[in-house]
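Colleague: Position chains B and Y relative to chain S; hints supplied.
Residue numbers (the working numbering), protein chains in the order written: chain S, 1 to 306; chain B, 1 to 430; chain Y, 1 to 279.
Derived from the structure by calculation, the hints contain no laboratory data.
Keep in mind that a hint or two might mislead.
[As the list claims (entries may be wrong)] Covered stretches of chain S (in silico footprint by chain Y; criterion: 3 or more residues with CB under 8 angstroms from a CB of chain Y, positions within the stretch not fixed):
id: 1; region: 137 to 148
id: 2; region: 265 to 271
id: 3; region: 277 to 290
Every residue gets a Cβ at the ideal spot worked out from N, C-alpha and C, and that includes glycine.
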Amino acid sequence: MDLTKKQTRLKRWEGWKSSSLAFQAQPFYFLLPAIILLGLFLFLPALLTIYYAFTDYYLLTPDQRQFVGLRNFTQIFGDPVFLRSLQNITIFVVGIIIFQVGMSLGLALLINKQRRGNIFLKVAFFSPVVMSLVVISVLWLYLLNPTDGLVNSMLQAVGINAQPFLTSPNQAIYAIILVSVWQGAGYQMLIFLAGLQNIPGDVYEAARIDGAGKWKSFLHVTIPLLRPTTTLIVFTTLIAAFKLIIQPMIMTQGGPLNSTMTPIYYIYQTGFTDRLVGYSSAMTVVFGLLIVIVTFVQRRFAKEDL
Amino acid sequence: MKLRVLVAGMVSTALLLSACGNEAESDGGDNEISLWVQTSSESPEGQAMQGSVEKFNEQFKGTYTANIEFIPRGGGGGGYEDKVNAAVSTGTLPDVLTLDGPNTAAYAESEIIAPLDGVISNTEDLLPSIVEQGTYEDEMYAVGYSESSVGIYYNKEMLEQAGVDLETLPTVDEPWTWDEFTQLSEKLTDYYEVPAIDMGLNDNSEWLMYAFSPFLWSQGGEITSEDGRQAETVFNSEANMKAMSFLQHMLNNDYTTISPAENGFETGQYPMKMSGSWTMEQLDTNYQDIDYDIMPYPVSPDTGELVTPTGSWQYAMSTATENEEGAGELIDFLTSTEAVVDISLANSVLPSRYSAIEEIEDDVSPQMNTLIEQNEASGKARPVLPEYPQITRSFQQTISGLPYYEDQAGLQELLDEKAKEMQTSLERRE
Amino acid sequence: MKNVKKLVEYVLLTLLAFFFIFPLLWMVSSSMKSEESIYQDLNSVQALLPSFQITEWLSTYTELFSRFDIGTYLFNSVFYALLVTAGAIVVNAMAGYAFAKFHFKGKNIMFSLLLAMLIIPVETIIITQFTIIHNLGLVDNRLAVIIPLIANAFFIYLFRNFFIAVPDSVIESAKMEGAGHWTIFWRIMLPMSKPAVATVGTLAFIGSWNDYIWPLMILTDSDKYPLQVAITSINATEPVFINQVMAILTISTIPLIIVYIVAQKYLLQGLSSSGSGQK
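The following block holds chain S by itself, in its conformation from the complex:
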């Protein structure tokens, strides 16, 4: 772009700016796009969801929407599928917190040690992270196929019986936990690693002088000093885990026997497939509140760390 053009444009700007009204309005201009977009796609939907929750909004007849009071809410608590989904998500969240956080901490500790070939390990552990949830879901659907999946043929090679995995109501949710841990652990490993490397070496030195062994210094130095990192990881993992939908949607469609049905997936199905926007909104409100409460409780516990 040539200079004169640039200058005239700059001048125009300056002229506008110096008129005092425009100057007052400037923060508003800077905020406007974000306000419009957040309002339209976050704030408004959140409010509308609450409103719809008290109506019988049916997707095919939006104009005949009527206020139905608390009907949707009373129905929710008699809905066996929704209750089951709450149970499933609890198992999932607890499983993820224990195994994913544990696994990523373990991996970080392994890698933190000086050794040859560490970079290879790091790449291996991190590799699942680069795949999208859709990709890993489709991939593991084939890997975990009970009849001709690679995992079962590997198990059989070491003398373990073939497992039904995703086709069993007793195993499916755990298979999904396994896949999710496998996918996510590498990312948090890096964060833990950064936390570990921030611990100054002389702290360990001091502990050694005090006569602490390897295990003791891990317990009394590493763990306490990693607390902020751990809190951060637990915090982000927990909220994300509550929103599980893609893996069951692609791998099990919520089955067998609702054993992998999750709240968000059920909300999606009732609102979109069954067209019951009102009912689905009521579940959204209940489940959304639940997440908000968990967030607050957790934040209270973690206050000192964050």
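Modeller: Coordinates of chains B and Y only, in the frame set by chain S:
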């Protein structure tokens, strides 16, 4: 500065591209009739539709012009239906649209589609299953332009090798009972040491409702009461228990499996496969080594009544049309014997009219004729319910849950639980 | 003794690494052989190796490209992701700038409201978001894939923190030279906060690339599908060939590998600050 130019460039491209996607939906001219179909224009089905529309335009030259728009279904199956949903709230429905059988009730109840009183000529020529599927509260709303059916495919060589005399196999007139079918399965499973039949039990989709509900009907069972309000005591009835026991027995003895090997029948591993007419096309193009034939569904030993799956996409008139006469003419034309024959031959599907069956009988394979014959004799449509999505989901879970309940008590528990689930769904909007 | 211990350690580590990497190996190698040999190789090490016939390596990809319009899906994904990235950087940086360097009425309330928005679990309100897109008449429109992903409370917060660190004196002296806020924003603030731009850009790109449920809901025309939706559609289009499925999975992963290699550092930054962010 570069970034700014880039952004400006991309935003304008986005606007341009989105503008392209939004051409006028229907221009509402008196002579123009807009038509939405769910297939792609390249598919044999789409091409047959295109052909029929051209014939219509030829015949009604000067009076009506039909414009066909292809909106292929996405992989999830929902794409086309979502577009219809969207058009409902924005008031941009076409004059005529296609819809899947199970959607008839929801669309009719929501007044998306209009009744077709007196629009369709020669309704007694339509197969009963087609009428059943398109009827909601005693009025006809939609007409299927083809039919579908499911049969038991079997590998002739494999059966013979296992010592089965092919001459003794059942026919549509004399179908086998579940017991006889179980005996055959046992023989084959013992001989080949693999499940005798792939029943598609790994397919957690509409297939389960479509293919497995006829077993209940054969025993005299139902999914919901006739008025569609009651599932408890109906779905967990004794008749349904019996039908499900047959399937449970097949599963528990490994005569079939919930995780069949991929293409097990097509590659000669499994001797039998329960599937629809589409498998014929696949066998004929990709797996020509398999010498196969088709036998009809097994039936309840108590009733001996053959009941088989049906279902298809249909044409219906939207309530938004301002040209009811033209839209009606188009639907009548597209479901006429000629159009039905065209699409059956092009897409290797079953015809939806008796007259069309007569016309193509000699042109299709004996296997296809078995399915046509079976369909004509015993086809039954799935329930016509506004709550269909929920009901079919509970049904799917019942079937895929079967292997985890080993005895009668467990089975009863499963049916009770799912009946209750269906009942809550039915009562949700009352 | 020490050597034995070391050996055991390496064996265990190798096993662990194998657990993490074998699915990826299987995915890529299965995309480079015939469907038949995928099943034949299941019981041997060959499962994790591509076909021994080098000529077969690309044939799956050729078949896939001839059956499906992969080029369109790839273009769509790149197009959506780039627009979301550019939009997210500009829109959120602008808002972050306003919060960092302007004094206006109601700023604190608005900022608290913004932080409160971080708590709304976005995934739960997709149905209502859909009804809004519905009412805007944007169903099956490319814009609908992009615009809901642009504004992001967390990104605004990230930019604000970065901009606050820019000393006021820099802005003052620019003002002295006659620059307006717009100029300051483009010429000074954005260039000075490259790490924030990179972090937001990377996160936005990955977020858009991996987005699945939303495009699945609002797009009906398969010509507009991004890769993620195309994957499930290909995996459901009969006949399904497993090697072709693995090929599309591989294709959709490669761009992300590149993004992660280039931007690894910024990703970590983004996440670490996300936690400390919400005091």
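Colleague: All hints, please: hold or fail.
Modeller: Now for the hints, and whether the structure bears them out:
1. 137 to 148: Coverage by chain Y holds here, the residue count being 6 at a Cβ distance below 8 angstroms.
2. 265 to 271: holds (count 3)
3. 277 to 290: holds (count 6)
Of the hints listed earlier, there is not a single one the structure fails to meet.
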